[in-house]
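J.: Mapping of the sequence shown onto my numbering: position 415 corresponds to residue 415, and the numbering continues sequentially without gaps.
The set of hints was computed from the structure by calculation and includes no laboratory data.
Treat each hint with caution, since some may be false.
The calculated EDC-like cross-link candidates involving lysine to aspartate or glutamate, where the alpha carbons are at most 20 angstroms apart (straight line), are [said to hold, decoys possible]:
| hint | residue 1 | residue 2 |
| --- | --- | --- |
| 1 | Lys457 | Glu499 |
| 2 | Lys335 | Asp227 |
| 3 | Lys487 | Asp507 |
| 4 | Lys289 | Glu262 |
| 5 | Lys383 | Glu425 |
| 6 | Lys245 | Glu262 |
Treat the numbers as computed from the prediction; the structure is a model and nothing was measured.
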Amino acid sequence: MQPEFIRNFSIVAHIDHGKSTLADQLLLKAGAITEREFKEQLLDDLDVERERGITVKARAVAIDYQPDAERWARLAALLKGADQPDAAAKPGKPPKFELNLIDTPGHVDFHYEVSRSLAACEGALLLVDAFQGVQAQTVANAYAAIEAGLEIIPVINKIDLPVTRIDEVLDEIETVIGLDATEALMVSAKKGVGIDEVFQAIITRIPPPQGDANAPLQALVFDSKYDNFRGVVTYVRIKEGTLRKGDKIRFMRAGTVHDTLEIGRFRPNMQPCDVLGLGETGYVITGVKEVAHIHVGDTITLNHAPAHTALPGYKQPQQMVFCGMYPIDATDFEKLREELERLSLNDASFSYAPETSDALGFGFRCGFLGMLHMEIIQQRLEKEADVDLIQTAPNVTYEVVKRNTHEILHIDNPVDVPDAGDIDEFREPIARVNFILPTNCIGPIMQLCEDRRGIYKSTEYLGPDRAQLIYELPLAEIIYDMHDKLKSATRGYGTMDYEVIGFRPADLVKMDILVKGVKVEALATIVFRDFAERRGRQLVKRLKKEISKHQFEIALQAAIGSRVIARETISALRKNVTAKCYGGDITRKRKLLQKQKEGKKRMKQFGQVEIPQKAFLSVLEAGNEE
Numbered sequence: 001m002q003p004e005f006i007r008n009f010s011i012v013a014h015i016d017h018g019k020s021t022l023a024d025q026l027l028l029k030a031g032a033i034t035e036r037e038f039k040e041q042l043l044d045d046l047d048v049e050r051e052r053g054i055t056v057k058a059r060a061v062a063i064d065y066q067p068d069a070e071r072w073a074r075l076a077a078l079l080k081g082a083d084q085p086d087a088a089a090k091p092g093k094p095p096k097f098e099l100n101l102i103d104t105p106g107h108v109d110f111h112y113e114v115s116r117s118l119a120a121c122e123g124a125l126l127l128v129d130a131f132q133g134v135q136a137q138t139v140a141n142a143y144a145a146i147e148a149g150l151e152i153i154p155v156i157n158k159i160d161l162p163v164t165r166i167d168e169v170l171d172e173i174e175t176v177i178g179l180d181a182t183e184a185l186m187v188s189a190k191k192g193v194g195i196d197e198v199f200q201a202i203i204t205r206i207p208p209p210q211g212d213a214n215a216p217l218q219a220l221v222f223d224s225k226y227d228n229f230r231g232v233v234t235y236v237r238i239k240e241g242t243l244r245k246g247d248k249i250r251f252m253r254a255g256t257v258h259d260t261l262e263i264g265r266f267r268p269n270m271q272p273c274d275v276l277g278l279g280e281t282g283y284v285i286t287g288v289k290e291v292a293h294i295h296v297g298d299t300i301t302l303n304h305a306p307a308h309t310a311l312p313g314y315k316q317p318q319q320m321v322f323c324g325m326y327p328i329d330a331t332d333f334e335k336l337r338e339e340l341e342r343l344s345l346n347d348a349s350f351s352y353a354p355e356t357s358d359a360l361g362f363g364f365r366c367g368f369l370g371m372l373h374m375e376i377i378q379q380r381l382e383k384e385a386d387v388d389l390i391q392t393a394p395n396v397t398y399e400v401v402k403r404n405t406h407e408i409l410h411i412d413n414p415v416d417v418p419d420a421g422d423i424d425e426f427r428e429p430i431a432r433v434n435f436i437l438p439t440n441c442i443g444p445i446m447q448l449c450e451d452r453r454g455i456y457k458s459t460e461y462l463g464p465d466r467a468q469l470i471y472e473l474p475l476a477e478i479i480y481d482m483h484d485k486l487k488s489a490t491r492g493y494g495t496m497d498y499e500v501i502g503f504r505p506a507d508l509v510k511m512d513i514l515v516k517g518v519k520v521e522a523l524a525t526i527v528f529r530d531f532a533e534r535r536g537r538q539l540v541k542r543l544k545k546e547i548s549k550h551q552f553e554i555a556l557q558a559a560i561g562s563r564v565i566a567r568e569t570i571s572a573l574r575k576n577v578t579a580k581c582y583g584g585d586i587t588r589k590r591k592l593l594q595k596q597k598e599g600k601k602r603m604k605q606f607g608q609v610e611i612p613q614k615a616f617l618s619v620l621e622a623g624n625e626e
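All chains should be built: construct the whole structure from the sequences, respecting the hints.
T.: Here you go:
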């Protein structure tokens, strides 16, 4: 298809503002699906997405849109006035447009998915709820689209709600984001209202792709997934040149050469074709089975006529939350490794590395962008791959400067923290947090941030009832339960977005947990020194509830170095060995009790304590009680 008839765009918004519903309506109105096939969250094909009602993975789909003669006459006039190519504005039979849509997630943990999608587009629909208005992720995603140089079309969704604030929301778009809201579209994705106007805006306001169809091929790899039968399916956007079925292609970063066994487009399912032209979005299957050979952000070019330079690609995502994942059944270790490898192909912001633990055996240290990202990966492993897991408490990444060598260590596992005498400086990650909340909730949120060592930056009023509050907070104080506390304090009306801005020195210590005198590495945490004693007491109390009684006494201790700061004791499970003695000489009972005491002494010497899965997550719950 000629580039002037192609439009590449994304839908970006805060979570639950209707991105997936709008995408479904665009498919339905264009005839890509029938009324019978239509269902909610059509593009959210992962089980976890349907269960939670959120988008986790960006999803591409090509929509063929052909306007009727009357609408085309109006579009042609608008295109001429917008300096679009003349070919797009010829009168006569209405042409067919190819609209390549990429539906994106809205949660802060999946912002990397959004940034990858924007790199494959020329425009974006910025969706804003007609009642909730501009929220934290609305601002973050809008700025990401502006930085990518995209044409942004504001869209007010949910205008069918019984209560709306449309005038105020339009003011917020102009004051907070700085976009002209005079031409904002009014739609109801649920009812299908205003969808024709959305198509018109996409065609007339989003520019067609630029480039040379005869230049050496440059195709951006913006996503990939693994198919058990066909190997790796690579998602591409053609930036320069043309790709044909059967071409021998080279991945410029990996340096590998492959034959194109199949190319095609998403309509919305995979549909093979013979050519992917300039500006088009589609998929390539090369038969590659090794997931390590494909890199998101790589450039595909022709082997016989390669491009001189690769495309810029993507900034490497920085994992900030780490936890250990261990199979409950040791025989599942290899299966877990294979599933993690496939997930890392489909999700470039997830990483893993093997590790061992005395308490849990062989497993993997996994890195995530946030807590929701971690929960999604765990859920996909347990449900899709059917692997039963023990997950250790998550930790953020710290920096340690060694005393003599001044070497900087990146610590994502408390076990790796050097001895206190070898540490010159301990640094923690700091995030800039943007809260958008009702004005009557500013006090409780400021108190919440102060309790978590936050540094106040600014307050900006978005209207008589809403404000934007900016704080700098330690990342460790945000990821565990800040979102829940915010929702509680603002009765569900507050939202937050955060960005890691660097590392700062702090008075941090490693807190070990000893169970029956033995350090359990999986329960070790890094805490602020002033909070250590309180946190240690809460943690051992929580562990006492989670660990069941054994035939011997169990001491639970929290310690910093060699100094014990908290202790709880689980008493022994006592069997009544004298139950069958009815009266008689007291020495008989004493002999039985003495025999039990000697047996328990042996158990205490050799017995192993069973620690349940829930005990490893009690580190989080103890933090929540603060």
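J.: Of the hints stated earlier, which fail here?
T.: Per hint list: 3 and 5 violated.
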